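Each chain, letter by letter, is given below.
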Amino acid sequence: MGGRLSRLRAVAANTFRETVRERVLYNLVFFAILMTLSGLLLGQLSIRQDEKIIKDIGLAAMDLFGLLIAVFIGVGLVSKEIERRSLYPLLAKPITRGEFYLGKFAGLVFTLLVNLAVMTAGLYLTLLATGRRLDPGLLAAVYPIFLGLVLVVAFAMLFSTLTSSALASIFTVGVVVAGRFTDVVRNMREVAPGVPSWLVETLYLALPNFRNFDFKDRVAYGDPVSPSILAWATVYGAAYVAVVLALGLASFRSRDFQ
Amino acid sequence: MQDTATPLVVRGLSKAYRVGHVLQSLRPVLQDLDLDVRPGEVLGYVGPNGAGKTTTLKLLTGLLRADRGQAWVFGLPLADRRWRHRVGYLPEHPYLYDYLTPAEYLDYVGRLFGLAASRRRERSRELLALVGLERSAEQPMRRFSKGMVQRAALAQALVNDPELLILDEPMSGLDPLGRRLVRNLILDLRKTGKTVLFSTHILSDAEALCDRVAVLRAGRLVKVGALGEILRLEVAHMEVFAAGLGPDASGLENARREQVGDRTRLEVEERSLGRMIAAVEAAGGRVLSVQPVRQSLEDYFFQAMEGRASGEGTWGEG
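Protein chains in written order, with this note's numbering: chain A, 12 to 269; chain B, 15 to 332.
Rather than coming from a laboratory, the hints here were simulated on the basis of the structure. Predicted model only: the values in this text are computed from it and were never measured. The reader is advised that the hints may include incorrect statements.
[Claimed, not checked] Computed footprint of chain B on chain A; a stretch qualifies when at least three of its residues, placed anywhere within it, have a C-beta under 8 Å from a C-beta of chain B:
| # | segment |
| --- | --- |
| 1 | 100 to 114 |
| 2 | 258 to 269 |
[Unchecked claim] Some chain B residues flagged as far from chain A (calculated, every beta-carbon gap over 10 Å):
| # | residue |
| --- | --- |
| 3 | 146 |
| 4 | 197 |
| 5 | 271 |
[Unchecked claim] Rough simulated footprint, nothing fancy, chain B against chain A, three-plus residues with beta-carbon under 8 Å:
| # | segment |
| --- | --- |
| 6 | 13 to 19 |
| 7 | 23 to 32 |
| 8 | 89 to 97 |
Don't be surprised by glycine CBs; every beta carbon is placed ideally from N, CA and C.
Full structure from sequences and hints, please.
If you want it as structure tokens, here you go:
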């Protein structure tokens with residue numbers, strides 16, 4: 012068990028080191044902070060709405076750039092391992108494919124956590140610069156964003172084991188977009204009555220509802236988010252991540268590396 | 015129960031790849047491979063491109079799943095991962111993480127083997143010196159030439175001080191210095207009692223290093239055995255190099271004759287050698303060298319690939 016954990020940690024640490032050495036990642040975090048800072052300017056143009064606008068823009072930047080980072084590292088790092096064959100020497104070592112896959116996932120999740128922490132710090136500093144108090148309520152929006160991004164990484168890894176990096180990126184973004192508009196999927200039959208109800212039902216149930224991780228508006232308006240809602244989002248996210256990870260693991264384990 | 019002292023036993027290993035997109039079919043790449051690798055030997059796995067060498071090594075290291083057959087490493091089935099602590103593997107055309115330095119990479123590999131930090135540092139220093147990369151230890155591998163990457167990849171295969179080393183085309187991409195380094199390394203490993211299984215299409219390497227060779231053709235094992243068993247070791251003919259012979263020199267009619275620059279190369283039967291040397295001197299020439307020529311692995315290989323090598327049909331486990 013100790014050996015298993017130490018191998019998993021080794022892969023996770025190396026994955027984190029890889030992302031830290033990626034310049035593109037720094038660019039994305041830089042743009043996210045820049046976008047947050049632009050809230051300062053927009054805030055000055057509005058009357059008594061500056062705090063809300065800064066929070067709005069800051070959280071939206073976190074969500075958007077977090078998504079880009081999740082897709083970029085989730086697809087990039089796993090596909091690259093397969094396409095460049097860098098995992099060949101490693102999979103001949105005592106590490107199992109499952110340990111490698113989960114280690115990779117843990118490393119990517121830690122990278123997301125660090126990136127979100129940096130972006131959150133950027134948002135708080137922006138608020139401080141305008142003389143606002145440090146509102147811990149913001150974390151009630153940041154935490155679900157993190158949960159959603161962890162799910163995005165799980166999907167990106169799953170698709171990376173099944174197809175090329177280009178297609179994996181398209182599929183991942185497709186799932187996120189569809190997952191943000193699950194209501195449209197549910198009401199699809201009203202627009203297109205020919206679509207079989209079982210297909211609509213299956214799609215609606217299979218697609219994760221990414222709106223369950225979206226509390227940006229509520230937090231920006233200062234509405235409280237109860238712990239029970241956050242707990243529900245955690246359970247929902249964890250269940251989905253577990254299923255998607257299990258599918259990815261099964262695919263990665265059965266794959267031939269020709 | 016398999017013999018735990020035998021590094022590798024393979025029985026009936028088979029693999030086919032799916033080809034085509036719409037109408038898929040199965041193309042067999044390895045068929046019913048039976049092979050034993052004995053303790054302390056260097057076994058060369060030779061065959062042309064596409065013969066199934068890399069597929070075999072990938073099946074053994076778990077990168078591919080076999081359709082049929084089984085293999086045991088030190089008596090343990092492939093699915094049992096304990097044997098991996100005793101084996102090193104160098105893939106063909108290795109790609110290592112280019113954002114890491116070789117020292118960092120070896121440290122990472124050492125962690126996968128559960129080595130303590132002090133042992134990892136020590137091993138990394140030893141191995142980088144062994145493969146001649148000690149001066150590049152802290153340089154990112156993205157700046158490495160192909161040969162340097164191959165050396166670093168060889169080092170990673172040795173991190174756990176393996177008893178069995180599986181090398182897929184280890185000389186690939188190396189300059190003459192690198193090739194000599196790998197050759198010496200394999201010979202040193204043999205001296206210390208390690209077992210080496212390496213695939214190659216460079217027959218001179220196999221001839222120089224191997225105790226036995228296994229010849230693979232179109233996914234089937236053609237022959238396994240010591241070089242002496244496989245090759246005809248009797249002298250095929252004598253090769254004589256002479257200087258100062260005119261084009262119409264007499265007494266050389268029984269020899270195959272070829273002009274190489276200002277020298278003449280003569281191919282004669284062993285029993286005619288004395289008469290031939292006398293004839294060269296009588297014609298005013300000077301003998302520069304005399305050399306017996308035996309069948310080389312290369313000669314054998316080309317004959318085997320054409321299905322002409324002696325004994326075909328009865329070839330099997332040597």
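Hints, verified against the model:
1. 100 to 114: n = 8 at 8 Å, threshold three: holds.
2. 258 to 269: Coverage by chain B holds here, the residue count being 4 at a Cβ distance below 8 Å.
3. 146: holds (19 Å)
4. 197: Its Cβ never comes within 10 Å of chain A, the nearest being 21 Å, so this holds.
5. 271: The claim stands: residue 271(B) keeps its Cβ more than 10 Å from every Cβ of chain A (closest is about 50 Å).
6. 13 to 19: holds (count 3)
7. 23 to 32: Coverage by chain B holds here, the residue count being 4 at a Cβ distance below 8 Å.
8. 89 to 97: holds (count 3)
Violated hints for the displayed structure: none, as all numbered hints are satisfied.
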